[in-house]
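A.B. asks: Reassemble the complex: the two chains are provided individually, in unrelated frames, and hints are given to aid placement.
So the protein lines, in turn, are chains L and E.
Mapping to the numbering used here: the first sequence position 142 is 142, numbers consecutive.
Counting from 1 along the second sequence, just add 1000 to a position and that's the residue number in the numbering used here.
Treat the hints with caution; some may be incorrect.
So the derived label-pair ranges between C-beta atoms look like this [as the list claims (entries may be wrong)]:
#1 L18(L) x E1191(E): 34 to 42 angstroms
#2 P108(L) x S1128(E): 46 to 54 angstroms
#3 L30(L) x G1127(E): 52 to 60 angstroms
#4 R104(L) x V1041(E): 25 to 33 angstroms
#5 E1119(E) x L26(L): 58 to 66 angstroms
#6 E1191(E) x H265(L): 44 to 52 angstroms
#7 G1038(E) x L18(L): 54 to 62 angstroms
#8 V164(L) x T1039(E): 15 to 23 angstroms
#9 N1090(E) x I175(L): 18 to 26 angstroms
#10 L257(L) x Q1042(E): 30 to 38 angstroms
If we take Cβ atoms under 7 angstroms as the criterion, some of the chain E residues that face chain L in the derived model are [said to hold, decoys possible]:
#11 L1077
#12 C1085
#13 A1088
#14 F1097
#15 L1136
Bear in mind the hints are in silico, worked out from the structure with no lab data behind them.
Just so you know, even glycine gets a beta-carbon here, dropped at the ideal spot from N, CA and C.
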Amino acid sequence: MAQTISLPQAGARAKSALSTALPPILVALLALSFWYLLSITVYAGKGYLLPGPREVADAFVENGATIMAATLTTLKEAMLGYLTAIGLGVLIAAILSQSRVLERSFYPYAVLLQTVPVVAIAPLIVLWFGYNDLSVIVISLIISLFPIINNTLLGLRSTSRTLVELFAMHHTSRIISFWKLRLPGALPSMMAGLKISAGLSVIGAIVGEFIIGSGNSQGGLGVQIIFAQGRMYTALLFAEVICATLLGFVFFSVVSLLGHFLLRHWHESAAD
Amino acid sequence: MRKPPPLAAVDPAAPPPNLAKRPGAVPIALQGLSKQFGTGVQALDTINFDIAGGEFISIVGPSGCGKSTLLRIVAGLVEPTTGACERARNATAAFVFQDAALLPWRTVSRNAELLMELEGVPAPERGSRAAEALKLVGLAGFERSYPHQLSGGMRMRLSLARALALRPDLMLLDEPLAAVDELTRDVLQEELSQLWQMAGFTALLVTHNVHEAVYLSNRVVVMSARPGRILKVIQVPFPFPRSPELRSTAAFAKLTGDVSAALRQRDHI
Ligand SMILES: Nc1ncnc2c1ncn2[C@@H]1O[C@H](COP(=O)(O)OP(=O)(O)OP(=O)(O)O)[C@@H](O)[C@H]1O
Ligand SMILES: [Mg+2]
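Okay, chain E solo, but in the shape it has when bound (with noise of 0.2 angstroms):
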């Protein structure tokens, strides 16, 4: 059912050359991006990077130094002060925003169809794709539900839904398993890891977890304190798919001792 791909990772400054040849899904190519606001906030300082097509790339770094901002470049929904970021524009992007951003008004159901009525999937396919990526988030048995009747983490999952439902070729992922309990949050991420090996789209995550950052990615960026400069980048060899047995394993330790340390670097007052 799955297809790893057979990892090929050795320069941590390259992306991983055989993640490129997954179909559909986008390299992005961030070139020099600042952003400071008209507020005077600087809020990204020159950030180059650059990401292979169907690549999981986590972002951590300390409170306000402009992941989201990040996040929201990438996605077209701000432009950068300076410098660039270069992706293929027709490509299928889905934004699974901090705050879950659902429509009050419509049920569970239409809530998870709302991005693919946006973009034009014809209605009788938009209701058997929903009701799949309901099923896979656990939300089955509440497509009648109204988002005020489920928990934080459920809506957060709902939103999570309404993203894959879309089949996006680049998923930006901010936050979305913080509202979580720690069981849920498991579960989902082994959710995710797998809805990511399957369909090969190319993942951009923001988190504050930095076990869930190497549990999940080829690469995780370390950002600084604001303005958002990135530290370092750290390669997670581990082959996919990935077990949670490999959560107790001493190189998974190993590795998250080394991002908490660089995280550790410079974001302390």
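Just chain L, with the same shape it has in the complex (with noise of 0.2 angstroms):
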């Protein structure tokens, strides 16, 4: 009896799901074969340079334990620098959103983050933590910073006055009105600034391991990239980009997801 708006029929759905699918698969197809027909005509015998589709397959093949194996420690590394941002993140947010004073002192520090080349302080985080994989958790974090303080703190300054009225007129203190009010009211805007850095988060772990070298043993997709560029082996140095492309885009899809299911029941930006 609640819910009144009819939902459209599973078949029409079907249609809807496939027309919204198969335009950006025949996007893939057309270049595909215009990356082929390149790599046969221009580039014909010049596969270092673009090597086609064939040998892209066949190096993946070729490759798959090193591959897999990088893939999985640069998820790992993206995924530490990342979960440690968001909780940074959303922790100095709270901090600079109890009050004016704070936020005015602080906010600019926090752009810096923002502004800092990473590339170029990234010699200078090695120097501190090490040749190992806490160095590229490091610059994961660092990059994905601040876009979820900015959010987060957009989201908890953004409280309608009336609501913030309610809770004053009931006695509510600075933690359950942050808990049941702020924080909660904040999550649309939150969600927005964890997605811009899920895929940030993988570029950092990726530029980290540039950086380091081949100084953890195994190395993830960032090592691997150097050491396939060294060999001149172009189509393996295809296949490592593709997984990374790849990480990040499932990395940004599972927090989308997140998202959607968190404010599915009540924000327009989950609508659907």
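C.D. replies: In structure tokens, the structure reads:
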């Protein structure tokens, strides 16, 4: 009785799913064909510059175990950096949102996090944390921190005045107000920040791996990409870049899905 | 079921004395209240008014004359620039805001429980009280919906249910029925009146609807355009419970006419 909106029929649904999936699939097929054509015409015999789809697929198969292990390493580093960034970012935003003075004093320095060229300070971080995956995690953390702070803070600041008054009228403590009013209200904006940072954390991990090189025994995708480049094994390099891209995409999708799950009942951004 | 208080009102300036005997209801004394905002806007100018415990007061006045500000001062949300609002501090007050002010991430029933939750009512009791209040405002069956799935009028009713479920001693209502269609409004006015007679809280209602003001109240306060001053206090002598037929009587028309005339007095530009 409460749900008065009628749901579209299953058939109509499948049809609309097909119509949303079809265009990007067509684009992918077109791009693949174009790539293939290029590799057998302009770049024929120059596989070290542009290997064809076939060579890349072969490189995938031949180096399956290495690529898999490298992807898992990068995944682990990016995830640790990302999760730390979430914890730290939300905490910093929560503290800054407590007073205007705090926010005005520290926010400019949070912005510096965004403007500092991570590639430039990465060597410094390696110097501090060593040639190991801890450095990689820290670089991933730094690069993904600002969007989380910024968007969470924005959300925490946008609580409706009437609701703040309502809570104040019933003698609600700061902590309870934060927990029951400010934080849930900030969720949509926070999720937007988390989505941006999801892709960034993978980029950060790969940049970190470039810098530490073969410092750690196994090496993630960044390390393997440098290896492949050194061996002029361009097909493998392609395979690894594709993996890195997919990793970022999967990260982003998981976070989007989580956001959708959290907000689906009440926020327009998660409608449908 | 209902115990209508006997009517003994003669002097419109002072509250009817018998009303003060309602248990729990809080009397309010507004003493020389003025409010000037930081922006320089003078919202209220020297408001003097006494409200007996259990009285139902309506406030009418042109838009922007400070009615919401007055309610906020009584609620303790805004400090008056000068003067004071005297009332028992331990009394439970509930505010129904002009916008429904719901939590969009909570279901209807969890919204109805909010104020009880903040005031520390134990969980099992919250559930039954919320369900009862939702039934009263005609939202039974929508417990699991979310606010965005409700119409504007339904959201306002939820806001009303949330306040009622708290069983307050003082009810501050800021145009709670303005966004509701006419049929629902009549029903809700009836409900509100009965609830007030049953529960015996003190009620302060801001409304733009002169008929609503007269039908529900012991007294109607007419305010001037900004800065808000009390232009006139009109005593409504009809005994409670009032029946809907009262609205079509000549005496009722005469009183609403008086209120409208007082409103027209000064607020036209
Ligand atoms: N927090 C505030 N800061 C500055 N000015 C304010 C504030 N709140 C209200 N005002 C001003 O005070 C005046 C009275 O506002 P108020 O909301 O009390 O009017 P109202 O009588 O409730 O109007 P309406 O019938 O339209 O709801 C308005 O001019 C408004 O702009
Ligand atoms: Mg108002």
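A.B. asks: Is it true that L18(L) and E1191(E) lie within 34 to 42 angstroms of each other by Cβ?
C.D. replies: Violated - the Cβ-Cβ distance for L18(L) and E1191(E), about 51 angstroms, lies outside 34 to 42 angstroms.
A.B. asks: Note whether the CB distance of E1119(E) and L26(L) lies within 58 to 66 angstroms or breaks it.
C.D. replies: holds, 59 angstroms
A.B. asks: Lying within 15 to 23 angstroms: is that true of the beta-carbon distance V164(L) to T1039(E)?
C.D. replies: holds, 19 angstroms
A.B. asks: Holds or violated: the hint that L1136(E) contacts chain L, with Cβ atoms closer than 7 angstroms.
C.D. replies: Violated. Min distance 18 angstroms.
A.B. asks: Go ahead and decide if the range 46 to 54 angstroms is satisfied by the Cβ distance of P108(L) to S1128(E).
C.D. replies: Hint holds: Cβ distance 52 angstroms, inside 46 to 54 angstroms.
A.B. asks: Classify the hint on F1097(E) as holds or violated, based on whether any CB of chain L lies nearer than 7 angstroms to its CB.
C.D. replies: holds, 5 angstroms
A.B. asks: CB of L30(L) to CB of G1127(E), is that within 52 to 60 angstroms?
C.D. replies: holds, 58 angstroms
A.B. asks: Lying within 18 to 26 angstroms: is that true of the beta-carbon distance N1090(E) to I175(L)?
C.D. replies: holds, 23 angstroms
A.B. asks: Do the numbers back the hint for A1088(E), that is, is its least Cβ distance to chain L under 7 angstroms?
C.D. replies: violated, 15 angstroms
A.B. asks: Holds or violated: 25 to 33 angstroms for the Cβ distance of R104(L) and V1041(E)?
C.D. replies: holds, 27 angstroms
A.B. asks: Return the status of the interface hint for L1077(E): holds when the least beta-carbon distance to chain L is below 7 angstroms, violated otherwise.
C.D. replies: At 5 angstroms from the nearest chain L Cβ, L1077(E) passes the 7 angstroms test, so the hint holds.
A.B. asks: With a cut-off of 7 angstroms on the beta carbons, see whether C1085(E) makes it to chain L.
C.D. replies: Constraint on C1085(E) not satisfied, violated at 14 angstroms.
Violated hints for the displayed structure, listed by number in ascending order: 1, 6, 10, 12, 13, 15.
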